Amino acid sequence: MDILDILFSAAFWAATVRIASPLIFATLGELLCERAGVLNLGIEGIMVAGAFAGWIAVWAGLPLWGGVAVAFLVGAMLGGVHSVLSVPFGLSQHVVGIGMTLLATSLTFYMYRVILPEVSSPPKITAFQPLDIPVLSDIPFFGAALFSQTALTYLAFLLAAVMAYVLYRTPLGLAVRAAGERPEAVATQGLSVTAIRMGAVIVGSGLMAIGGAFLTLSAFDSFFFEMVNGRGWICIALVVFGAWRPGKAVLGALLFAAFDAFQIRLQQTPMGAFLPYQFFLMMPYILSILALIVMSRRADVPAALMVPFNKGER
Amino acid sequence: MTRDTISRRSFLTTTAAGAVAVGTLGKAGRALAAGPLKVAGIYTVPVEQQWVSRIHIAALAAQDRGDIAYVYSENTANTDYPRVMREYAEMGYDLIVGEIFGAEAEAREVVADYPNVAFLMGSSFKEDPALPNLSVFDNYIQDASYLSGIIAGAMSETGNIGMVGGFPIPEVNRLMHAFIAGAKEMNPDLTVQVSFIGSWFDPPKAKETAFAMIENGADMLYAERFGVSDAAKEKGILAIGNVIDTQPDYPDTVVASAIWHFEPTLDAAIAAVKAGTFTAADYGTYSFMKEGGCSLAPYGTFEGKIPQAALDLVAARAAAIKDGSFTVEINDEEPKSS
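Top to bottom, those sequences are chains A and B. All residue numbers for the first sequence refer to the working numbering, where the first residue is 1 and numbers rise by one. All residue numbers for the second sequence refer to the working numbering, where the first residue is 315 and numbers rise by one.
Hints are computed from structural coordinates only; laboratory data are not their basis. Values in this document were obtained by computation on a predicted structure and should not be read as measured data. Each residue gets a CB set at the ideal place from its N, CA and C atoms; glycine is no exception. Each hint should be verified, as a subset may be incorrect.
[To be verified] Simulated crosslink set (DSS-like; lysine-lysine; CA at most 30 Å straight-line):
1. A:Lys124 with B:Lys619
2. B:Lys547 with B:Lys619
3. B:Lys588 with B:Lys498
4. B:Lys604 with B:Lys440
5. B:Lys636 with B:Lys619
6. B:Lys549 with A:Lys124
7. B:Lys604 with A:Lys124
[Said to hold, decoys possible] Partial selection, computed: residues in chain B whose CB lies under 10 Å from chain A:
8. Ala444
9. Asn447
10. Ile483
11. Asn487
12. Ser513
13. Trp514
14. Phe515
15. Lys521
16. Asn530
17. Phe540
18. Asn645
Pulled out of the complex, with its shape left as it was, chain A reads as follows:
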């Protein structure tokens, strides 16, 4: 297989969309938090917790969408803890976030062992299956690439559209964006910056958890420790890459996923015979960093990102 064959195969693009899906959920979640002014470094741990919660809920008998809901709720609860510490208490968002990641990861193992004290291997569930969208999936090439994905993937793209609409076309979105830019203006309007920021962190964390749950409910059908494997940190970078805009963030996730799907296939071309495998594994990260450098030059960082707001303080 040579490079052009790879780029023109529907399977490559299908893999790109598949790999991007969990990143899209988590990136949108992080984006929501940061738009309201809160950096949420709990993302990696929240994804682990979501991956576990969604899977164990389905294993316990809930339907798949029930698992997605449980993941969202668990993420929202962890987001609740984060938001209390970071918003009304105004603690260092770096410390709170890293702390949340450690807490969520450890708590997940704790729950895992309490629920499954003795198993020979983590049980499997029946995951989301690819769903062919009528008519669209029959389009040559694009059908196989884009419209034979699982329901959760379609939800990821739908969510990006909804988030873009809410952020830019509704009063709520305006309030969220203002809370991250000029919180005092929000307060002047009689709105509670604290409530808006906490709400954004809670909902955003829920979305991150769905991103984690994608790994156990769609990409795979069981839960393993370390399976989130740094995807959360990638999403932090994708938010910057996307200049805090949902559409661009989705584009960034797709780009990263395309690099990843590409390197996997490139390893089997003649290049794989003389380049060390680490070079291929590095590719998505290096190319993303390069893209980040180009894209972030015109990025508008939310002005009040990581700035705690105390009502009445000047």
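With the hints as your guide, set chain B onto chain A.
Chain B only, in chain A's frame:
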């Protein structure tokens, strides 16, 4: 079985799970502690995960026989590993079993500090005469991997086999080479695709890598990592399991599995400690087939579906391996696609 609250990372886990264990599993614990050898296991992953599960099962079996009293810490981070070793050593354990692949140098410092404690550790390096209380082991199951390769070579119709590994470390490399050697016995013109995903537990990534190999013509996968067999199942092609028998999870697609038996390794170490003869040694050979350290899993659902020529060769080579007239080459180099 008792569980100890050793690792900070698993502190919460073990205390709560310990409460569960007292109810369900505690019966074998303290009562036996006077006679049997006190053995502690320290693992970097949960005990049900593939490689470590083989050690854990062997230790539980030894405990059931009354030879040892066994406790363990699981999910211990490599950065915490030396500290946990030290704590068990301080607590007076006779034999500490585990894996120091990710903490080789630091772990050896701990070993040097506790000359009266025997350490039996999975390691990429050899034993060191300067550290007489450290023996190393690894899963040298190339014999079984070779036999599973014979079956894979016979069952692959395209002659294109995909292999997805975690990292190219010696234990992974040598099993891949043995597998390829076996497959080439049946099909000398075989092509292999080899990839490493740079992670031990990222099944979605392993699965994506396997998908790419299937697109590229593979109709047989060597499932070194979780996720690979899932890709095979989804695409309706065959796979070979590694270290554990995975056929129960994939009855229609996993043809055979090369499985590791840690019992000979552990039992030899227990006997050596009891006899006072434990010294720096490489226990790797106890994983060889002639020691009972590895085997092919039963064919199960593929009984009768494997070509007779392959079965005959497997039987002949297994006998030759056991009587010493055939040796599977141990090659720790990183395998490449062909």
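Consistency of the hints with the structure:
At most 30 Å may separate the alpha-carbon atoms for a hinted pair to count; A:Lys124 and B:Lys619 meet this at roughly 26 Å. Between the alpha carbons of B:Lys547 and B:Lys619 the distance comes to roughly 17 Å, so the proposed pair stays at or under 30 Å and holds. As the CA atoms of B:Lys588 and B:Lys498 are separated by approximately 44 Å, the hinted pair breaks the 30 Å bound. A threshold of 30 Å between alpha carbons decides the hint, and for B:Lys604 with B:Lys440 the separation of about 21 Å falls inside it, so the pair holds.
For a cut-off of 30 Å, the pair hint linking B:Lys636 to B:Lys619 stands: about 25 Å separates their Cα positions. Restraint check for B:Lys549 and A:Lys124: the C-alpha separation of about 18 Å stays at or below 30 Å, so the hint holds. Between B:Lys604 and A:Lys124 the alpha-carbon distance is near 35 Å, which puts this suggested pair outside the 30 Å criterion. At its closest, the beta carbon of B:Ala444 sits 33 Å from a beta carbon of chain A; the interface hint therefore is violated under the 10 Å criterion.
Below 10 Å, beta-carbon pairs count as interface contacts, and B:Asn447 has none with chain A, the closest being about 31 Å; its hint is therefore violated. With a cut of 10 Å, the hint placing B:Ile483 at the interface with chain A is violated, because the nearest CB-to-CB distance is about 12 Å. Interface hint status for B:Asn487: violated, as the beta-carbon distance to the closest one in chain A is roughly 12 Å, over 10 Å. At its closest, the beta carbon of B:Ser513 sits 5 Å from a beta carbon of chain A; the interface hint therefore holds under the 10 Å criterion.
Nearest Cβ of chain A to the Cβ of B:Trp514: about 7 Å, under the 10 Å cut. The hint holds. The interface hint given for B:Phe515 is met, as the beta carbon of that residue sits about 4 Å from the closest beta carbon of chain A, less than 10 Å. Look at B:Lys521: its Cβ gets to within about 6 Å of chain A, closer than 10 Å, so that hint holds up. Interface restraint check for B:Asn530: the shortest CB-CB distance to chain A comes to about 5 Å, inside 10 Å, so the restraint holds.
Among the interface hints, the one on B:Phe540 holds; its C-beta lies about 6 Å from the nearest C-beta in chain A, closer than the 10 Å criterion. A least Cβ separation of about 17 Å between B:Asn645 and chain A goes past the 10 Å threshold, and the interface hint is therefore violated.
Figure legend: structure checked against the earlier numbered hints; hints not met, in rising order: 3, 7, 8, 9, 10, 11, 18.
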